[in-house]
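As given, the protein sequences belong to chains A and B, one line each in that order. Quick note: the first sequence uses my numbering, first residue 1, plus one each step. Quick note: the second sequence uses my numbering, first residue 1, plus one each step.
Honestly, I wouldn't trust all of these hints.
Just so you know, same-sequence chains aren't split out, so a pair can sit in one copy or run between any two.
Simulated pairs of lysine to aspartate or glutamate, EDC-like, Cα-Cα distance not exceeding 20 Å [what the hints assert, rightly or not]:
#  : residue 1 : residue 2
1  : K187      : E138
2  : K3        : E74
3  : K186      : E54
4  : K176      : D159
5  : K3        : D159
6  : K162      : D24
7  : K177      : E74
8  : K7        : E54
9  : K127      : E27
10 : K176      : D43
11 : K186      : D90
12 : K176      : E74
13 : K3        : E114
14 : K160      : E96
15 : K187      : E96
16 : K127      : E54
Just so you know, these hints were derived from the structure itself, not from any lab. None of these values were measured; they are calculated from a predicted model.
2 protein chains.
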Amino acid sequence: MQKVIWKPGNMLYPVPAVMVSCGDTPENYNIITVSWTGTICTDPPMCYISVRPERHSHAIIKRLMCFVINLPSEKLLRITDLNGVKSGRDMDKFSENHLTPVPARKINAPLIGEAPVNIECRVVEIKPLGSHDMFIAEIVAVNVDDNLIDPKTQTLHLDKAKLFAYSHGFYYLLGKKMGRFGFSVKKSKK
Amino acid sequence: MQKVIWKPGNMLYPVPAVMVSCGDTPENYNIITVSWTGTICTDPPMCYISVRPERHSHAIIKRLMCFVINLPSEKLLRITDLNGVKSGRDMDKFSENHLTPVPARKINAPLIGEAPVNIECRVVEIKPLGSHDMFIAEIVAVNVDDNLIDPKTQTLHLDKAKLFAYSHGFYYLLGKKMGRFGFSVKKSKK
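Produce the entire structure from the sequences given, and follow the hints as far as they go.
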């Protein structure tokens with residue numbers, strides 16, 4: 001395989017595309033879509049979002065030191081894209097997108113009611129890196145649509161949420177299920 | 001939508017599943033698969049991987065302060081899974097998986113020749129968080145399979161790489177392409 005060398009750039013894909021909600025009153029509730037997000041620690045459960053200082057949500061999260069990561073399902077794709085392009089300075093992200101703010105349990109922020117999973121996060125550090133500041137956070141609660149949970153086994157079927165990924169400028173639905181973690185060493189191979 | 005509240009945990013999906021390669025001599029070359037990885041800054045381009053201190057690669061990366069993120073294509077899925085389960089203490093990850101180590105351009109580490117994209121990273125900080133240490137890194141070079149690049153336009157067609165994502169215990173191929181970033185505000189909607 002012949003390789004071309006490119007200058008340094010972001011080429012780590014696929015990544016999530018999630019809606020981050022924040023604010024402490026309906027008047028300043030806001031939503032920003034980010035793809036620079038991920039899990040950074042299993043125990044304690046921690047994650048991050050990276051946000052440009054000039055974004056409207058940046059000041060809100062910095063002031064309140066908390067935010068919600070909302071996983072969007074396929075039917076929220078257009079709104080997810082819109083909330084990454086438009087600023088909360090110019091529109092009310094909840095009402096104009098017909099999204100329902102629901103109070104979070106553990107933090108001072110609204111969940112997006114229509115998102116199947118809402119992850120409540122408390123910021124422990126803001127790390128300036130350049131174009132983006134990284135908000136390092138502890139996960140303090142997780143809210144899950146109970147239609148995704150098997151009532152008998154209590155197993156979460158996250159695939160029913162119809163999540164999508166972001167890869168080099170495009171959104172993709174998750175496609176063919178290729179195996180479970182550890183399948184390569186299991187005797188009954190999938 | 002009725003929501004169930006769960007205790008804090010990692011529920012941010014889909015995420016990448018990438019093979020990280022490291023080492024300064026063929027004898028200590030190693031590979032570890034991680035999903036706790038992401039982009040943290042656009043300019044300068046920066047990313048991270050989170051690794052448990054007890055993993056074999058942890059000491060190697062800490063000593064050399066560099067690593068390569070290799071994006072695996074569909075045909076590398078089984079090896080990707082295996083390299084997340086098995087330890088480099090017990091197997092030679094390159095030779096036993098028939099992978100080709102190729103010297104990186106800018107850092108002291110091997111690329112995985114068979115991976116379509118290799119991202120060379122230099123560690124700038126190691127941040128202990130609990131179960132995992134976060135290796136915060138600058139991207140110093142990107143190597144791309146030239147079959148993914150349109151020879152006329154020089155456009156990268158990353159979808160040809162057949163990447164996959166990891167979501168709540170399972171690997172999924174990227175599926176239906178749903179639109180380009182910004183499609184929600186374009187006049188010619190996709």
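Evaluation of the provided hints:
1. Taking identical chains as interchangeable, the C-alpha atoms of K187 and E138 are never at most 20 Å apart, the minima being 37 Å within one chain and 40 Å between chains.
2. For the homomeric pair K3 and E74, the shortest alpha-carbon distance between copies (18 Å) is at most 20 Å, but the shortest distance inside one copy (35 Å) is not.
3. Proximity of K186 and E54 under a CA criterion of 20 Å is satisfied in neither setting, with 49 Å inside one chain copy and 23 Å between copies.
4. Taking the shortest Cα distances, K176 and D159 sit within 20 Å of each other both inside one copy (11 Å) and across copies (15 Å).
5. Proximity of K3 and D159 under a CA criterion of 20 Å is satisfied inter-copy only: 17 Å between copies versus 35 Å inside one chain copy.
6. For the identical chains of this complex, K162 and D24 are neighbours neither inside a copy (30 Å) nor across copies (42 Å), given an alpha-carbon limit of 20 Å.
7. With identical chains, the CA atoms of K177 and E74 are at most 20 Å apart both within one copy (17 Å) and between copies (11 Å).
8. Taking identical chains as interchangeable, the C-alpha atoms of K7 and E54 are never at most 20 Å apart, the minima being 26 Å within one chain and 33 Å between chains.
9. When the C-alpha separation of K127 and E27 is checked against a cutoff of 20 Å, the pair qualifies neither within a copy, at 28 Å, nor between copies, at 37 Å.
10. For a Cα distance limit of 20 Å, the shortest separation of K176 from D43 qualifies neither inside one copy, at 30 Å, nor across copies, at 34 Å.
11. For a Cα distance limit of 20 Å, the shortest separation of K186 from D90 across copies, 17 Å, qualifies, whereas the shortest one inside one copy, 53 Å, does not.
12. In this assembly of identical chains, K176 and E74 lie within 20 Å of each other by CA distance both inside one copy and across copies; the values are 16 Å within and 11 Å between.
13. Within a single copy, K3 and E114 get their C-alpha atoms only as close as 44 Å, which misses the 20 Å cut-off; across copies the closest is 10 Å, which meets it.
14. When the C-alpha separation of K160 and E96 is checked against a cutoff of 20 Å, the pair qualifies neither within a copy, at 27 Å, nor between copies, at 37 Å.
15. Only between protomers do K187 and E96 lie at most 20 Å apart by alpha-carbon distance; the minimum there is 19 Å, versus 52 Å within a single protomer.
16. Proximity of K127 to E54 under the C-alpha cut-off of 20 Å is restricted to the intra-copy arrangement: shortest distance 15 Å within a copy versus 26 Å between copies.
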